[in-house]
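> Given next are the chains, with one letter for each unit.
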Amino acid sequence: MFTAKEYVMPQTLDEAYKLLMARKNNYILGGCAWLRMGKRRINTAIDLSEAGLDFINETEDSIEIGAMTSYRTVETSEVLKVHFNGVLCDCIANIIGTQFRNTVTVGGSIYARFGFSDFLTPLLALDTYVVLYKEGVIPLSDFMYQPYKKDILAKIIIKKDSRHLSYQMLRNSHADFPIVNVAVSKSGSDYRVCIGARPAKAVTAPKTSEFLSHTNFENIESVTKKAGEIMAEEVKFMTNTKASAKYRQTIARTLLKRAVMEVGIC
Amino acid sequence: MRYVSRPVRKVDGMALVTGKPLYTNDLAPKECLIVLALRSPHAYARIKEIDVTKAKAVKGVECVLTYKDTPGVRYTNAGQTYPEFSPYDRLILDEYVRYVGDEVAIVAATHEKAALQALKMIKVEYEILKPVLDYKKAIDNEVIVHDYEDYFHHFDFLGIDPKRNIVVDGEETFGDLAAEFKNSDIIIEREYENQAQEQCMMETFRTYTYLDHNDRLVVVTSTQVPFHVRRTMARALKIPQSKIRVIKPRIGGGFGAKQTVVSEYYPALVTLKTGKPAKMIYTRKETFSCSNSRHQMNIKVKLGADLEGHIKVIELTTLSNQGAYGEHGPTTIGLSGHKSIPLYNQAKAYRFKYTGVYTNTMPAAAFRGYGATQGQFALESAVNELALELKMDPTKLREINMCRFGQLMKAYYNEPLTSSALDRCIVRGKEMINWNKKYPRVEISPTKVRAVGMAISMQGSGISNVDTAGAEIKLNDDGFYTLKIGATDMGTGCDTTMTQIAAETLLAEMDQFIIAGVDTDISPFDPGSYASSTTYVTGMAVYNAAYDLKNKIIFEGAKMIDKEKYEDSIESFNPKKFHFDGNHVIEIVTGEKVAISDIAIHIAGSSTGTYLNGIGFYSSPTSPPPLMAGFVEIELDKETGKYEVLDYVGVVDCGTIINTNLVRVQTEGGIGQGIGLAMYEDVIYNDKGRMLTNSFMQYKIPNRLDVGKIRVDFESSYEPSGPYGAKSIGEIVVNTPAPAIADALRNACGIHMRSLPMTPEKVLMAIMEK
Amino acid sequence: MLIHIIVNGEKQKFHCSPDDMLLDVLRDAGYKSVKCGCDTTNCGLCTVWFEGKPVLSCSLPAARANNKHVTTLEGVREEAKVFGSLLVDEGADQCGFCSPGLIMNVIAMKKELGQATEGDIKHYLAGNLCRCTGYMSQLRAVKKYMGVEE
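Protein chains in written order, with the numbering used here: chain Z, 425 to 690; chain X, 50 to 819; chain C, 6 to 155.
Keep in mind that the hints were calculated from the coordinates and are not lab data. Since we're looking at a predicted model, the values are computed, not measured. Watch out, some of these pointers could steer you wrong.
As the list claims (entries may be wrong) - Residues on chain X that point at chain Z, a partial pick, calculated with CB under 7 Å:
{"hint": "1", "residue": "Thr-130"}
{"hint": "2", "residue": "Leu-437"}
{"hint": "3", "residue": "Ile-733"}
{"hint": "4", "residue": "Lys-749"}
Claimed, not checked - Which residues of chain X face chain Z? A few of them, derived with a C-beta cut under 10 Å, are:
{"hint": "5", "residue": "Asp-218"}
{"hint": "6", "residue": "Met-728"}
{"hint": "7", "residue": "Asn-752"}
{"hint": "8", "residue": "Glu-810"}
From the three backbone atoms N, C-alpha and C, an ideal C-beta is built for every residue, glycine too.
The whole structure should be built from the sequences, with the hints applied where relevant.
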């Protein structure tokens, strides 16, 4: 259980950032689901519920999702349903339960960059950017691997480039963490392959993506087989209590095949 | 019948669904001191030094207790009839800690934050000892888990030998095994394993205690065994039983976890030391890792059969992982053989060998099925493997071999099978799942296949000659009844089913009854709700009490009708001259009658009245087995090893059904737990003995998307020794899924899953190795 | 800190710490229907409505509910009796510990979805764990409540 000495609800991001930087142990609250399982000692807990960050907006060239948008809002969004094959809605639709998804936020889960995330892998396969208050707009792929810096994630931006997207995952039971997940997006002949829950956090597989983007799809079986081999070479898997590295790798190859075939027929 | 075999609504149903505050932590007074435990981070250690001075100084802390502050009397935590079979290897707080999570010290404070702070301030210096973590290496290991002089056990015949880490050991043989194996055309010799499984009732362990106006210790606790709690606490705390009162409120489930004394001692100690009320609420993490679970077992099976499918000989050898303390150790293991082998009573010879061992992991104790589950996973799987080798439908193999009504079951304590509809259960189950069309499999695509599998099961109804139950029914002065039982409704609905039996027998209405809460000061003795004893044993006691009261009512009514004619004692009174219809006592010859409400007023308000209390008692010399057939249809993805349970069919013979709703829900619920055991529930430790699966995040029980479709039906036999012909239902329902699902995977693609849980990874590995 | 939460339609004062979760604040104030079943947001027993939406009160800081509406089972007793009675008809009210959280989520589901298929129901309620019933009897009761044909 965490401890906090003060609780504030700033009305603007400016205010929130000032509060955040005022002391080392000042901390932004997201959905708080993870927070209460830990032992973090917070000085001032900063709640962004009133800072106007609960939105899903569609502009001409992109979709913007505010940090305090709940997973449930994402899941039921009419805007997201009609883009990217509705995958961004489906990929999180089964996580734990409705109440859980009403509670957890996009900002909280993206900022944490969890390995087991069902949301990050497909986002990584799209043209996604995170907007940090101080640092500004940076690609999600950069954000995934940069060291922790104190900042506020205000929103994410996903460019509308009519990519087709497929998300595949395997879990031991419906409410469990994914054992491994795969997202493949395709725009024209350009493929992007991302593998997550390895159990480490999602990565793009550049060589695999490169191969698929330039290959001849005459024999789909051998293409997906080769893609799987390249992917197994360049992506690292590890063992934990849920599954062995070998099993993850084997499944990832099968899921990759299915994802490639799914975007292929779009 | 009026109430028996009807879908009677639970008497506490509406209270529960409107959220009335009826559970332990809803009743605990606000001024209770909060009690927390400091727990061992080591799997095996001795406390060299423990300094609690700083902890005691934390503002709000009222006491801090270590092993130096507790009576050094050993006892067992097991909720079992005295004298217990389980060894006395427990102390409330011990100088030695024997598993990660074992209690080291107790803190009580006015609020939780102070207690948490105090825990941090306790300084402990441990002498870290090498633990024994692998149960297969525990026998004669250089590490001895219980190595002290005052280790005690009541009975010599259990093979208990703590110096060898053995908590139970035995062997039973019948017939000539060598000859039967020689005559067998096929021998199946296999090894099976199951994981420890957590009960996961939704309400964790919790207790609050206070001293009443007479300085008696009152213990309000979420327990299945209030009388065993009272006796055990008296011993452990070194106070007389008469100074302890145990009250059971509404409980949020138990499944056997609460058939062990878990949280009760610590707030009790605090209350005794401070004079103040105290409560201890276990977190889910503590419930997972600092209490008890199902026994992990390794079971070797060797079967011999002829080519026509007659099983001639069964050899079953169980190794059971007891964990750090011996509660329920010597008893659980017996069911792995006694409640599996008798399913194939026609075998001419059998041997059952068993050993339970101590390790430095969380203790294993009672969980629905209690050893039968594990034994049946092994034996049913072996029988299904035999079926595959003989190229025979497994249902046909059962029909040839299964025990039948009237047989004397030599492997089941030589008890006769006095009721059985198992054959009809199999027929009905096959029909419901469409077995003949689906067996063995249907290929859906090159990578997807659907298949069916099955298994049969037995359990018991109470413990023969051990379980005893009392019941009392009082006629109140307003013509309504008070039913008193000591059996503990933990959500199962026995308060309702017992009232049904009483109402049926007394020809009364359900709402004429008050069912008194279980309170050791007032309730008749009952071991508690476990061993599937409530409907059968307590139910019979209730029936006897109702029958006794009925006779007494008739006698009083007779005297009111004609005082001179019927002034004899009740022993010489002939009740057959009267008719009792639930409302009136009627003299048959004259037609004269008196209303029960008038009798009630008379007995309480007149000097010639009396006190009408029906008393019943029951203990059964036999434990008639309920029987079940389970069928499952799965769909398997051969590329990933992932499979879904599409449809589960369970058909049960529990004798006469007392409450049609409740047996249905028990069966569906038990199947759900069995699916979890079969597919993904798993207790995993790291290499230092720390449990990693200590939350619902890591340990997954089935959610409503996981269970697929579960359909149940009943084929009733009539058990003459049970109330209205009833047998038990509580435990058998968890046993069939694991072997049935293993069978479906076998029929799907010829793989043999011999280790639980059957995860997609294990399945894929088996497919690839083929 | 002093906060005001509108609980079951009534604005009430609560003295709580900045790190208190709504679950504990509600239970301490006497709303005992709200149960705690786990430590890790997995069980759904603590479900209450926050501004009409079902949430996990174990993960909602009490301060976040300042000047907001919170509804517990005590506040929807009449509707709870309607659905609860259907549960009791099935015998699905076993230990009852998961019932308040389930009922809050079921009533919320009916308000949000109106019509639903069996699949919608299972999906909406997936976050409500139950160890007693195997979920079938609960589903039968919910289908009756939602008017879904068997």
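> Any of the earlier hints contradicted here, and which numbers?
Violated hints: 1, 2, 5; rest satisfied.
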